[in-house]
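**Q** Chain residues, written in single-letter form:
There are 2 protein chains.
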Amino acid sequence: MTPPQSKNFHTANPEAESAIDRSIPEFEAAKISDEDEYFQNHKPPSYLPEIEKEVQEFIEYHRKNTQKRIALVTSGGTTVPLENNTVRFIDNFSAGTRGATSAEYFLENGYAVIFLHREFSLLPYSRHYSHSTNCFLDFMTEKNDKIEINPKFADEMLKVLRKYNDAKESNSLILIPFTTVNQYLYTLKTVSECLHVMSSKALFYLAAAVSDFFIPQSRMPTHKIQSSATKDGELVIRLAQVPKFLSRLVENWAQGAMIISFKLETDNNILIKKATSALDRYHHQLVIGNLLQTRKKEVVFVKPNGDNDWIKLNEDEIKGNVEIESKMIPAVIKVHDEWIQSNSS
Amino acid sequence: MTPPQSKNFHTANPEAESAIDRSIPEFEAAKISDEDEYFQNHKPPSYLPEIEKEVQEFIEYHRKNTQKRIALVTSGGTTVPLENNTVRFIDNFSAGTRGATSAEYFLENGYAVIFLHREFSLLPYSRHYSHSTNCFLDFMTEKNDKIEINPKFADEMLKVLRKYNDAKESNSLILIPFTTVNQYLYTLKTVSECLHVMSSKALFYLAAAVSDFFIPQSRMPTHKIQSSATKDGELVIRLAQVPKFLSRLVENWAQGAMIISFKLETDNNILIKKATSALDRYHHQLVIGNLLQTRKKEVVFVKPNGDNDWIKLNEDEIKGNVEIESKMIPAVIKVHDEWIQSNSS
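For the protein sequence lines, the chains are A and B, in the order given.
Under the working numbering, the first sequence has 195 at position 195, and the numbering climbs by one with no breaks.
Under the working numbering, the second sequence has 93 at position 93, and the numbering climbs by one with no breaks.
In isolation and in its complexed conformation, chain A is listed as follows (with noise of 0.2 Å):
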């Protein structure tokens, strides 16, 4: 059994949920403030039953022949289209770096992993050499008529390459990506509900980006909008908040599930309230807060309990390049194995 491939589903034609107000403010922006609503408000990307076919494969896979636990990772940042024909979307920064390398460590873990994330955002493994200042090409020379790996890169590439090839082999990866927040919901939703058979053996690391906002489906303007029809030459858009689906990861979808999810802030002053106010809102196991500034230095574990634990690289593993989710996702995993204890007791 090969690992499904990664989708191309084009940015170009997305399924859209948008709407622009161009009459200022008149317009009685639609507002969504609860998770079925918006389900039956906006359609699924049409190619959700092959995810899900997909998915049910990869974890009855390993159910029947692995007993590996199964990490859902989502990474990358979601886009709100503003336009059907969408040439202007509005974005969540993020590479996706943090979810690529976290994926990286669940593998040398022993876990298995569905990695869904943002179109061409950093993949596990090829994120060592895509999204390089250095060109793809510059990997590469030429020696008697033959291209070959520049030997200054090879031995290091070839350890990744191995990994690579090790988790294609065991089918322990599977990439599933999305681009819209439409796209992020309804495939989360999916994947989550497939993965109501694992129970306390799943666990959600939802590192995505999401958009707080979006333009519901019912305003969305088909072609491309005309800075002259404006007023004032001005455009004015009107987002409503994306409902909080969390509450229905861990009551419906996921139940069972360890969950985490992330809080990225640029004020370190409201970090810790806030990801303490998500875990008395949401009621799951974990929330790892992190500044926009030192994200790849330090986090933070808030529990439930009150704890509040740092992880923080030190000067010297600073200087040499130590991945910080080295030390997180051991952490993580612990955290893990104590949640499955506490449900098989």
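If you're looking for bench data, these hints aren't it; they were derived computationally from the structure.
Worth double-checking, as some hints may not be accurate.
Copies of the same chain look alike in the list, so a pair counts if it works inside one copy or between any two.
[As the list claims (entries may be wrong)] Below 20 Å or equal to it, Euclidean Cα-Cα: the simulated SDA-like pairs (lysine to any residue) are:
1. K146 x M157
2. K168 x N150
3. K159 x I149
4. K168 x E142
5. K274 x E83
6. K168 x L158
7. K152 x T141
8. K163 x I149
9. K143 x A154
10. K64 x G110
11. K303 x M328
12. K297 x K319
13. K189 x Q56
14. K327 x V300
15. K163 x F139
16. K152 x E142
17. K146 x K163
18. K189 x Q241
19. K244 x E234
Predicted, not measured: the structure shown is a model, and the values here were computed from it.
Starting from the structure of chain A, add chain B where the hints point.
**A** Below, chain B without anything else, positioned relative to chain A:
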């Protein structure tokens, strides 16, 4: 002389120019209708002098040593940040296919190319292997404990590598990245002023997808917008129009150069009209019109004399994966020949 490398300007800390209105109708958005006022009120990116130096050296090298014409190719979409510590931004969709592909054909036809591109968008040559659903590592294989290029891909990749190395060794290609619309505008201005010495031998091929709207720097929140801080859970973003810089380019910055702009629409009924009115307004030499849906199969050259010349791929060419840029660029060069001729007589 080795060509300068593309710089890594992080999206996380752009020279941002934005404001968000959460108070809804009272706020009077700053109107910046004039190009000079824009530059007075917005700071240049800190790295601009470095780019200026690199571009000047590149131009001087070709003026002294190769007498090549120089094409400035702009490519990819600009962003408009919504916060200073940017997590969210508005983006214009463009993978940069048109620009990256066109740059290769300019190089093959003897031009030197300044490639002003959105960071991480497609680049000439590496475009054949990046952004594909195939992972970088899928092109590699292990044999006798060594990593090598999979023989399936080796011949084709060698051809691309040779062209890439030719461009590097002849110092014919310089890569200049941007992320925000402010970085784009400042860099375009600077590069244009440097190209002034080339007179009619300079060609501007403005394929980048530049935002029509932005938010003036004067009202930019420092930290991530909190959804709890918005009225009724809504977020209203009020954008001003980006000043139209093309007339400044034609009249001042790059006087004498041949200037080509692009018009991308989704509505076939307004394409020619909009292309023609751009020519009327800016008095430049050529607008290349294209529709989002068919842009890889057909484009139209709209000229000041009223001619609309379509360039289309026929069925055989489409089946044979012919790139439309292989026909477009020779046609562009013919127009450039005439422009140089008319300027010398």
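**Q** Hints numbered earlier in the text: which of these fail when held up against the supplied structure?
**A** Every hint satisfied by this model.
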